[in-house]
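Below, each chain spelled out in residue letters.
Protein chains: 2
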Amino acid sequence: MKLYDYFRSSAAYRVRIALNLKGVAPERAFVHLRRGAQRDADYLDLNPEGLVPLIMTDDGAVLTQSLAIVEWLDETHPAPPLLPGTPVERARVRSLALAIACDIHPLNNLRVLKYLTGTLGATDAARDAWYAHWCEVGLRALETRLAREPATGRFCHGDAPTLADVCLVPQLANARRVDLDLAQFPTLLRIEAACVALAAFAAAAPARQPDAE
Amino acid sequence: MKLYDYFRSSAAYRVRIALNLKGVAPERAFVHLRRGAQRDADYLDLNPEGLVPLIMTDDGAVLTQSLAIVEWLDETHPAPPLLPGTPVERARVRSLALAIACDIHPLNNLRVLKYLTGTLGATDAARDAWYAHWCEVGLRALETRLAREPATGRFCHGDAPTLADVCLVPQLANARRVDLDLAQFPTLLRIEAACVALAAFAAAAPARQPDAE
Numbered sequence: 004m005k006l007y008d009y010f011r012s013s014a015a016y017r018v019r020i021a022l023n024l025k026g027v028a029p030e031r032a033f034v035h036l037r038r039g040a041q042r043d044a045d046y047l048d049l050n051p052e053g054l055v056p057l058i059m060t061d062d063g064a065v066l067t068q069s070l071a072i073v074e075w076l077d078e079t080h081p082a083p084p085l086l087p088g089t090p091v092e093r094a095r096v097r098s099l100a101l102a103i104a105c106d107i108h109p110l111n112n113l114r115v116l117k118y119l120t121g122t123l124g125a126t127d128a129a130r131d132a133w134y135a136h137w138c139e140v141g142l143r144a145l146e147t148r149l150a151r152e153p154a155t156g157r158f159c160h161g162d163a164p165t166l167a168d169v170c171l172v173p174q175l176a177n178a179r180r181v182d183l184d185l186a187q188f189p190t191l192l193r194i195e196a197a198c199v200a201l202a203a204f205a206a207a208a209p210a211r212q213p214d215a216e
Numbered sequence: 004m005k006l007y008d009y010f011r012s013s014a015a016y017r018v019r020i021a022l023n024l025k026g027v028a029p030e031r032a033f034v035h036l037r038r039g040a041q042r043d044a045d046y047l048d049l050n051p052e053g054l055v056p057l058i059m060t061d062d063g064a065v066l067t068q069s070l071a072i073v074e075w076l077d078e079t080h081p082a083p084p085l086l087p088g089t090p091v092e093r094a095r096v097r098s099l100a101l102a103i104a105c106d107i108h109p110l111n112n113l114r115v116l117k118y119l120t121g122t123l124g125a126t127d128a129a130r131d132a133w134y135a136h137w138c139e140v141g142l143r144a145l146e147t148r149l150a151r152e153p154a155t156g157r158f159c160h161g162d163a164p165t166l167a168d169v170c171l172v173p174q175l176a177n178a179r180r181v182d183l184d185l186a187q188f189p190t191l192l193r194i195e196a197a198c199v200a201l202a203a204f205a206a207a208a209p210a211r212q213p214d215a216e
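Line by line, the protein sequences give chains A and B.
Counting the first sequence from 1 gives a position; our numbering is that position plus 3.
Counting the second sequence from 1 gives a position; our numbering is that position plus 3.
Isolated chain A (complex conformation) (with noise of 0.2 Å):
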């Protein structure tokens, strides 16, 4: 198994964190996405989206889209198990990852925010508060209900780590790239501690890859 990352991609982020959790540690190719190498002929035959992460099976599938593949690795390597066990829980652990992955990331990735700037003539400052507004808006919404549901535990649900704090981990460390006071999350950052507390988390960090700057 082959996984193209990118240190600072927190679509990457979760795959890295559902790898470790699950002990899998695949070959790895990055992906310079500042210098623009997922726009290059080759890496766009293998992904025609230009975006990391992506998988390469042992048998020669690409898998791509963080979400798709962190679901395929739980089927493929069930222990520990990285959704709950009935259909109801599994939709709340998948609607909290995908209020992240579908909510607030997608407006603060890196070729949006080029576009504000370049194309639309946005100030730095402008595209400051757009990152922070989308940030503050939807984890908000993930504050208020994981503040609230009996089945938030330790983590995002219950007392074992699931798909939803794959996701969470990666968007709170973009959050803290802008100027957006996190501490009106208490919950959030309550189970964020939890999890960086884990070594599957902690080695899984942008900081700690071998291509961070």
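Among the hints, erroneous ones may be present.
Identical chains blur together in the list; that is why a pair holds if it fits in one copy or across any two.
Claimed, not checked - Listed below are the simulated SDA-like cross-link pairs for lysine to any residue, each with C-alpha atoms no more than 25 Å apart in a straight line:
| # | residue 1 | residue 2 |
| --- | --- | --- |
| 1 | K117 | A205 |
| 2 | K5 | G124 |
| 3 | K25 | T89 |
| 4 | K25 | V140 |
| 5 | K117 | R130 |
| 6 | K25 | G88 |
| 7 | K5 | A144 |
| 8 | K5 | T147 |
| 9 | K117 | Y46 |
| 10 | K117 | N177 |
| 11 | K5 | E152 |
| 12 | K117 | A200 |
It is worth saying that the hints were derived from the structure and are not from the lab.
With the hints as your guide, set chain B onto chain A.
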């Protein structure tokens, strides 16, 4: 079961298609997004994200996020399946769905377009160009994949509709709202035609909903 819906929401449109494919006809409630009904206190109490769709199950569980809802529906109502049989095939279908749900749709939903013209002061023309740009980038990558991957059939994956088709048809409906030449996506249009020939897709169209304007 009760579906909280809005005719023009393409995320709700996905769930309507999936329900129809499963032959499930829930009670309906309509949340008028253009009038801001998603920010009413009662609705925010139900869904702190202030988004549709939402399903309330017969047991009172609240399910949000369209893809989480469709996965739940597929687990609780297995026939006909909306995901294929092997982990790699499921990863393919999920990645196609997520390429739409994460990389296209979040950039052209209503609240984001309002931020562009409101807070950022973009012109209507700049907003429409943004919308068309992200549709085009995302749909082009999908066209490349679907045209070349042998697993593509009459539908996105093989010869029966899956989660990927459930996402594709609403996204193409969105793309038609802006000036974008869809003829550059012949595979997507061919699959869309196969989908809308089915009553389950046709009956889920925005114009055919009770709250359509």
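Homo-oligomer pair classification [Y46, K117; C-alpha up to 25 Å]: within (21 Å within a copy, 35 Å between copies)
At 25 Å max between alpha carbons, let me know whether K5 reaches A144 within a copy, between copies, both or neither. Between copies, since 22 Å is at most 25 Å while 35 Å is not.
State whether the alpha carbon distance between K117 and N177 is at most 25 Å within one copy, between copies, both, or neither. Both ways: K117 and N177 sit 16 Å apart in one copy and 23 Å across, limit 25 Å.
Up to 25 Å CA-CA - G88 versus K25, copy category: Classified as both: same-chain Cα gap 17 Å, cross-chain 22 Å, threshold 25 Å.
With identical chains treated as interchangeable, where does the CA-CA distance between K117 and A205 reach 25 Å or less: within a copy, between copies, both, or neither? neither (29 Å within a copy, 38 Å between copies)
Is it within a copy, between copies, both, or neither that the alpha carbon of K117 lies no farther than 25 Å from that of A200? Answer is neither: 34 Å inside a copy and 40 Å across each miss the 25 Å cutoff.
Given identical chains, is K25 near T89, meaning Cα to Cα at most 25 Å, within a copy, between copies, both, or neither? Answer is both; intra-copy 21 Å and inter-copy 20 Å each pass.
Homo-oligomer pair classification [G124, K5; C-alpha up to 25 Å]: Answer is neither: 38 Å inside a copy and 44 Å across each miss the 25 Å cutoff.
Indicate which option fits the pair K5, T147 if close means a Cα-Cα distance not exceeding 25 Å: within, between, both or neither. Cα proximity of K5 and T147: across copies only (23 Å, versus 38 Å in one copy).
Reference check for the pair K5 and E152, CA-CA at most 25 Å: within, between, both, or neither? between (38 Å within a copy, 20 Å between copies)
How would you label the pair K25, V140 (within, between, both, or neither) given a Cα cut-off of 25 Å? neither (32 Å within a copy, 34 Å between copies)
Checking an output row: K117 and R130, CA cutoff 25 Å. Within, between, both or neither? both (9 Å within a copy, 15 Å between copies)
Checked against the numbered hints listed earlier, the structure breaks hints 1, 2, 4, 12; every other hint is satisfied.
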